[in-house]
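Chains as they are written, first to last, in our numbering: chain Y, 19 to 197; chain E, 191 to 876; chain C, 2 to 116.
Simulated from the structure, these hints should not be mistaken for lab results.
For each residue, glycine too, the CB sits at the ideal point set by N, CA and C.
Hints may be right or wrong, so weigh each one.
[Unchecked claim] Some but not every residue of chain E turned toward chain Y, in silico, with C-beta under 10 Å:
(1) F860
(2) F867
(3) L871
[Said to hold, decoys possible] Just a sample of chain E residues kept apart from chain C, beta carbon distances all over 10 Å, derived:
(4) L345
(5) T379
(6) V485
(7) P599
(8) S803
(9) G829
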Amino acid sequence: MNQTVGGVAITPELLIFGGVAGAAALCAIGVVAFNNAIRSALCLVVNFFLLAFLYFTLNAEMLGITQVVVYTGAIMVLFLFVIMLLNLGAPNLLVEKKDPKKYLGILLGCGMFVLLGSQLLPELLKINAPTLSPELARFGGPEAIGRSLFTAYVYPFEAVSVLLLIGIVGSILLAKRRI
Amino acid sequence: MNYESIWLVLLFPIVGFLIQALLGTRIEKMLGRRALGAIAVLPIVLSFVVGLLITLNTKGGPEATANIANLGKWIDAANLRIPFEFIVDPLSMTMVLIITGIGSLIHLYATGYMSEEKDYARFFTYMNLFIFSMLVLVLGANLVLLFVGWEGVGLCSYLLIGFWYKDLANAKAANKAFIVNRIGDWGLTLGLLMIVALLMKNQVGSSDGRYLSYDSMLPALRTALEHNPGMATVIGLLLFVGAAGKSAQFPLYLWLPDAMAGPTPVSALIHAATMVTSGVVLLNRMHVVFEMSPVASAIICAIGAFTALFAALIAFGQTDIKKVLAYSTVSQLGFMFIACGAGAYWAGMFHVTTHAFFKALLFLGAGAVIHAMAHNQDMRNYGNLRKYLPITFWTMILGTLAICAVGVPGVFGFAGFYSKEAILGAALANTHAQMEGIQVGQIAGWVGLGVAALTSIYMTRLTCLTFLGTEERWRNIPAADHHGHDDAHADEHHHELDANHTPKEVPPSMWFPLVVLALLSVGGGFVLANNGAFEHWLYPNELPILGKVSTEPSNIPLAMYSTIAAVGGIILGLAFYLKGLPKNQGFDESAWSPLRRLERDQFGYDHAMTVASVEGGGDIANALWKWFDNLLVDGVVEGSGKVSAGIGLLLKRFQTGYIRLYALMMLVGFVGFIGYFAYMLSQGGH
Amino acid sequence: MNGVPLGAYIGLSLFMFTTGVVGVIIRRNPIVIFMCIELMLNSVNLTFLTFARYQMASKPDDRIAMQNSMMAGQMMVIFVMAVAAAEVAVGLGIIMAIYRLRDSVDIDELNLLRG
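Just need the whole structure built from these sequences, with the hints factored in.
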């Protein structure tokens with residue numbers, strides 16, 4: 019199939035990408051649109067899964083797995099946990115009044131998308147993925163990431179570990195009833 | 191001693207001032223008032239001695255030169271230099287002798303007069319400071335030092351007039367003196383500045399920048415004014431404004447009668463002998479300017495004559511003995527200005543000298559009377575005091591004869607006789623002071639002759655009411671209760687005058703100066719006028735522009751007229767007042783004649799001036815406050831505050847506290863930013 | 002993937018980012034706001050990885066630099082994930098504390114910063 023749409027060649031990969039990306043976009047809208055907070059959270063979970071798939075297509079296998087494990091497996095679980103704990107899911111809670119900020123926000127959001135998109139996308143759509151040699155194609159694998167994490171990026175790594183420690187301490191402090 | 195030692199003359203009074211200012215009260219407590227009095231009088235006497243020695247070494251006559259002692263740098267700017275320099279020449283030494291000589295006599299008198307007052311130390315501190323300032327004024331070798339002394343004597347005058355400041359009227363009188371003087375100072379400052387500007391513009395004057403020093407300024411002024419004759423009038427009139435302020439000429443005389451609120455020694459020293467003659471000294475120094483301007487000289491003559499007449503008339507309506515003498519001083523100062531206007535500057539200085547003698551004598555004598563009469567100054571309460579105060583009486587008679595200019599021409603005259611002759615003669619003979627063809631100087635001379643007669647009459651009135659007659663008018667005051675008055679008002683003054691009071695003659699410290707001054711009033715004129723000694727001493731050469739100024743009018747028998755005026759006036763006065771107080775001049779002032787009542791109120795001039803300046807000034811100040819300060823200035827200041835606050839209130843609306851709004855604002859900003867760049871790129875870019 | 006242009010990934014990422022922004026402004030439930038923030042972070046992650054993959058399109062010659070850039074993209078994503086995790090923990094702790102205090106989590110009622 020060598021058809022082009024708007025200068026972009028239609029390939030099977032593009033179709034797969036389009037489906038996945040479209041679903042991810044719909045889920046993103048769903049996060050914002052649902053009144054029920056649990057439904058928003060679940061939409062986000064689906065979104066993250068689809069993103070993990072996209073990471074795989076980008077040769078970032080390690081990160082794709084990390085996305086599933088950390089984001090969906092930990093962070094979203096935490097979200098759902100808090101929603102259910104505080105019973106914030108009920109849709110009749112926080113009935114949104116008619117709020118001009120809402121429409122202004124949507125309008126501005128569209129505006130931002132259009133502005134940025136019009137600047138970036140025409141050029142970027144012309145660029146195609148370069149072919150990678152096999153050893154380069156493994157740059158997203160655990161070995162490459164591990165090596166780079168412990169050699170070139172060891173300082174940020176240690177710093178992030180301190181940050182996580184602080185995060186732990188902070189969240190424990192915040193969650194205590196009495197300090 | 192030569193002129194280099196002139197700094198000693200200045201040193202003694204200022205050291206005396208410092209000692210008394212810092213240690214005065216302590217010395218008074220430890221050693222008593224007599225010691226303090228001695229410390230007060232001694233510096234002046236020492237200055238007099240040094241001054242006398244220097245004078246003996248100063249040449250008068252045709253070889254007179256001005257010696258300048260330079261004591262150091264003061265103002266040393268690029269093209270204007272004003273050093274601390276002091277000039278020793280006949281004019282300055284004459285004034286030094288008057289100031290320190292009569293000053294020391296008055297200091298001695300004051301030790302007796304003020305012996306029962308509080309603040310003894312403060313009084314003499316101020317008096318010494320005054321002597322110092324006056325010496326700076328006359329000894330200064332440039333106009334700026336003269337001005338320093340000018341201001342200094344104004345300050346001391348204020349301090350001394352308001353010596354008994356707890357009485358509000360005295361404080362007001364002191365304020366009045368200072369403020370009216372200030373008006374004169376304005377004129378003097380402008381004149382000074384115009385001189386500098388003129389000299390700098392014409393590139394004459396000192397090459398080393400000493401524009402205002404007499405030795406370089408006066409010849410330079412002559413050259414500069416020849417090219418700019420109009421400037422001579424302007425500068426002359428401005429300097430005269432200054433002189434009029436200090437020397438109490440119309441319209442700036444009104445501080446002098448009020449200044450009688452101060453103690454009598456102050457009136458004698460400052461307002462008779464020395465400070466009020468500063469104007470005449472200034473005119474003598476700057477005579478070059480006046481010689482070149484007939485118009486200015488005419489105006490001086492006119493104002494001098496008018497003042498003399500005006501003050502003499504007012505003197506008739508006064509019942510306070512010191513006020514009569516004050517107006518007499520104003521009148522005599524008018525005479526001095528007539529002389530200066532006519533070109534006979536030495537005659538003005540001669541009258542300064544003789545006036546210092548007899549007016550100081552008259553004031554001190556009046557002080558003795560006041561002292562003896564329990565500080566009551568109203569002449570309607572006096573009478574027949576010659577019985578009780580003989581020394582005072584005889585000395586005051588001599589002083590009165592001196593001021594009335596009594597004398598036999600060619601033989602002998604009292605002090606005033608010679609000086610007044612010289613003045614009137616110069617005025618009647620001169621042709622310099624003229625305006626538009628009118629010989630103002632000569633008219634002034636005739637007016638002066640009339641005023642001489644009036645002087646005799648009112649001085650005789652004073653003498654008769656005070657000393658002569660047989661009725662002791664204070665016996666008419668009801669007897670007051672002596673005992674049981676509390677200390678509240680007994681501090682400053684003695685018990686009030688009442689019918690049982692017996693005047694006592696004053697102590698020697700007070701009558702000794704009277705005697706000395708009486709001798710000077712009698713013989714001083716004769717000695718100084720002998721063969722024109724004073725004239726040659728002061729002005730050895732002819733005047734640079736006017737040449738020889740004659741004091742003998744050609745076809746007027748001046749000697750006869752002036753003798754008639756003097757003696758006739760005395761006879762008229764005796765006729766009216768010898769029998770005591772006339773019925774229609776008593777305590778019931780509504781019975782006075784209308785003219786006398788006008789004279790009592792200075793023909794309404796004082797009241798008019800007070801209303802105009804005090805209330806007028808107050809109105810202007812109020813209007814300015816209301817419109818300019820409140821509305822404009824405060825409006826701008828507070829307005830800027832209100833504007834800031836208003837902007838703040840406006841901006842406060844954005845701080846709602848809603849996070850979503852903040853996020854929205856961020857988004858708005860972001861979109862705007864991106865939009866702007868997109869637009870720019872699409873316009874100019876690829 | 003080989004046939005997908007760069008702009009496609011970037012377009013998706015832009016879309017997700019915009020949606021996240023709109024969500025932060027529109028929603029009143031703070032948990033949902035947090036989720037939208039996560040959405041934004043993920044879009045950024047996608048961008049990083051996309052550019053890491055498409056590096057060769059720009060610098061085909063300098064292998065070492067290119068390899069460094071590719072690794073840099075991955076590293077950024079790792080750190081973003083770590084930070085996002087810490088942030089979620091702390092943020093949810095804050096929300097719980099506020100809920101305990103006020104018994105409601107309407108973000109429009111949290112206006113103590115009002116000027």
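The hints, checked one at a time:
1. Because the smallest distance between the Cβ of F860 of chain E and any Cβ of chain Y comes to about 7 Å, under 10 Å, the interface hint for this residue holds.
2. The criterion of a C-beta within 10 Å of any C-beta in chain Y is met by F867 of chain E, whose closest approach is roughly 8 Å, and the hint holds.
3. Checking L871 of chain E against chain Y by beta carbon gives a least distance of about 7 Å; that is within 10 Å, so the hint holds.
4. Against the 10 Å criterion, L345 of chain E stays outside the reach of chain C, whose nearest CB is about 60 Å from its own CB.
5. A cut-off of 10 Å between C-beta atoms confirms that T379 of chain E is not in contact with chain C; the least separation is 59 Å.
6. Every CB of chain C is more than 10 Å from the CB of V485 of chain E (nearest about 76 Å), matching its label as outside the interface.
7. Here P599 of chain E stays apart from chain C, with its beta-carbon at least about 101 Å from theirs, past the 10 Å limit.
8. Every CB of chain C is more than 10 Å from the CB of S803 of chain E (nearest about 57 Å), matching its label as outside the interface.
9. With a closest Cβ-Cβ approach of about 24 Å to chain C, G829 of chain E is found to remain outside the 10 Å limit, as its non-interface label requires.
Checked against the numbered hints given earlier, this structure breaks none of them.
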